[in-house]
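Chemist: The primary structure of each chain is shown beneath.
Number of protein chains: 2
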Amino acid sequence: MKKKMTMQDIADMSGVTKSTVSRYFNGGYVKDETREKIKSIIEKYNYEPNAFAQSLKAKQSRIIGVIAPCLDSTVTSRTMMAIDDYLRKENYMSLVINTDHDEKLELKYMESLWRMNVDGIILIATQVSEAHCALVKKMDLPVVFVGQKFKDGISILYDDYHAGIKVGELAAEKGHRDIVYIGVMESDQAVGVERKNGILDGLKHKGVTKIELLHADFSFDVAYEKVKKLLMKRIPDMIIAATDRLAFGAYKAIQEKGLRIPEDISLVGFGGYEISSLLTPKLTTIRYDSDTAGYIAAETMSKLLKEEPVPKVQIVGYELLQGDSIKEM
Amino acid sequence: MKKKMTMQDIADMSGVTKSTVSRYFNGGYVKDETREKIKSIIEKYNYEPNAFAQSLKAKQSRIIGVIAPCLDSTVTSRTMMAIDDYLRKENYMSLVINTDHDEKLELKYMESLWRMNVDGIILIATQVSEAHCALVKKMDLPVVFVGQKFKDGISILYDDYHAGIKVGELAAEKGHRDIVYIGVMESDQAVGVERKNGILDGLKHKGVTKIELLHADFSFDVAYEKVKKLLMKRIPDMIIAATDRLAFGAYKAIQEKGLRIPEDISLVGFGGYEISSLLTPKLTTIRYDSDTAGYIAAETMSKLLKEEPVPKVQIVGYELLQGDSIKEM
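Those sequence lines, one after another, are chains A and B. Per UniProt numbering, residue 1 is the first one in the first sequence, and the count goes up by one each step. Per UniProt numbering, residue 1 is the first one in the second sequence, and the count goes up by one each step.
Hint data in this document are derived by calculation from the structure and do not stem from the laboratory. Don't take every hint at face value.
One copy or two, either will do: identical chains are not told apart, so a pair holds if it fits within one copy or between any two.
[As the list claims (entries may be wrong)] As a list, the in silico SDA-like pairs of lysine to any residue whose alpha-carbon atoms are at most 25 Å apart:
#	residue 1	residue 2
1	K138	S61
2	K252	M81
3	K226	M81
4	K282	E256
5	K89	D221
6	K312	D289
7	K229	E274
8	K108	Q60
9	K89	K104
10	K108	E90
11	K104	Q60
12	K327	L214
13	K282	R260
14	K257	G323
15	K252	D291
16	K226	D291
17	K104	S187
18	K89	D102
19	K257	I235
20	K89	M185
21	K89	Q127
22	K104	Y86
23	K89	F220
24	K108	Q8
All chains should be modelled from the sequences, with the hints used to inform the complete structure.
Modeler: Next comes the structure, spelled out in structure tokens:
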């Protein structure tokens, strides 16, 4: 399928800004010289202003595409429900597409949604690559990134670094010295890099520099297997898990080994799932405010569509949910 | 927006079957007399066979719409991931829409997806009304219902009634006599009615007829509040929860009251979430095979699109996961 021409393309070829092209089509003020330039580009590429204007009008599909890395993570689900709820009240329909943590699918599905004439895209991103930037630039529709920083556009972020610091400092303050961190791939800037760096820096602030790093994905099963293998070799003071789901995998491996949390090994997670407080012992965890993140993402999208001003970066809060899974050494 | 005319409409007006109309457009064999009839209808309504054929062709969007009652239930998420996984391998993209358990939105979104030219719709339904039947009849595209029986079409079902019987019989066999069931709304035929009736019949088989019914929705919070209120009045032998999530709400209320499971009160759920086995005590629960349900739903859709034969009803299995949350009275 041939890519459709965007306002940005016309702007680039005319040497003007996109908003000038937009004014041209919407009958706003444009200098005569500029008007001629835009007109000649449009004629050269066989665009009829009317058809284009029509397509702009038809573009108000009242549909927002939501691209998610999975459909079965508690935090992502909560974020999507909040997005959906806000948008429905504003009379938008949200269409969710799952990428299964595949960056290429993120790009492909953004293009698909664009061709389907959605009004905007909210991307619960696993990473932000150059390809993401190029694609967003090409598409003339609003895109909001959730969970990963998009330097050329609008992002809603969790404060992964500082949450990590809090947990790292806590671990050290409680006297833990032999610490294992079970994390996710570094292509995920927020969870894989920022969160981990926060933890390492938090530990370092308190003089702890020895830490063993285990690499998992986002699944329960892989975390379970990794921790099981670890415990066959040795029992560290503490396991810090990058997500509650990984912590659940650790629970299972620890319980199967006949060890007690926190007496034999301390455990902490990130996520603050409802269920984490029902475990025995209660999991100590960071709760990200994903309801707020979803709400803000949808609100920001709604404002962008109304051409109201929005901040470039919005950071939502977190809190430490004190459980009983960390011992005092 | 004016509704588009469907092959079914043409079939109805011509007094022939839809497949005859399909053959007409695809150049298959149609009796001369019938051919004339179809032709006159098409001309009367200003349809050009070519345009129609074109729209048929354009219809192959390789997009399947998936309509779900929520995005944050473990069973639904698991089903959607399995659907998505199968369809992606078959080079389809699935678009998920959340209805928030609202029947009117189910209907509205089916229409929306139809107008977006999806190739088919998989509906993880909360209920099946006359309006559903009428709409599916009107749309000339395959629809697969998951979780609720659709008498005029294709359904993938969980065996809610027999799973209910199993739990009801188990409860009675373990000697429980004073039982509280916390369930969901009866508009949900599968969970609200079939599952409940199975439980009641299972208990009845074993001579237990006294049961108090509490009504919740699908949320953790409402279940927690209902059980909290119950426990302020009295402590039954056992609580049977319609879903694991409701059981989690019960756990919280029971723990807060300082009661022990199962010593002071037995508890059982339906769902078989990963996490249910990490609770202390482990929750005894029915695990529905939602991976298989999702797989079968997607496979059935794929077959329908290839015009291969499919069964009208397919029932996926369940198993009792034995935990430690039911005492022997």
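Chemist: Determine for every hint whether it applies to the structure shown.
Modeler: Here is how each hint holds up against the structure:
no., hint, in the structure
1, K138 - S61, "both (20 Å within a copy, 23 Å between copies)"
2, K252 - M81, "between (29 Å within a copy, 23 Å between copies)"
3, K226 - M81, "between (32 Å within a copy, 24 Å between copies)"
4, K282 - E256, "both (18 Å within a copy, 13 Å between copies)"
5, K89 - D221, "between (38 Å within a copy, 22 Å between copies)"
6, K312 - D289, "within (19 Å within a copy, 44 Å between copies)"
7, K229 - E274, "between (28 Å within a copy, 20 Å between copies)"
8, K108 - Q60, "both (22 Å within a copy, 18 Å between copies)"
9, K89 - K104, "between (32 Å within a copy, 15 Å between copies)"
10, K108 - E90, "between (27 Å within a copy, 16 Å between copies)"
11, K104 - Q60, "between (27 Å within a copy, 23 Å between copies)"
12, K327 - L214, "within (22 Å within a copy, 40 Å between copies)"
13, K282 - R260, "both (13 Å within a copy, 16 Å between copies)"
14, K257 - G323, "both (22 Å within a copy, 18 Å between copies)"
15, K252 - D291, "between (28 Å within a copy, 22 Å between copies)"
16, K226 - D291, "between (31 Å within a copy, 24 Å between copies)"
17, K104 - S187, "within (13 Å within a copy, 41 Å between copies)"
18, K89 - D102, "between (31 Å within a copy, 14 Å between copies)"
19, K257 - I235, "within (10 Å within a copy, 35 Å between copies)"
20, K89 - M185, "between (36 Å within a copy, 24 Å between copies)"
21, K89 - Q127, "between (29 Å within a copy, 23 Å between copies)"
22, K104 - Y86, "between (28 Å within a copy, 18 Å between copies)"
23, K89 - F220, "between (35 Å within a copy, 23 Å between copies)"
24, K108 - Q8, "within (19 Å within a copy, 34 Å between copies)"
The structure shown violates none of the earlier numbered hints.
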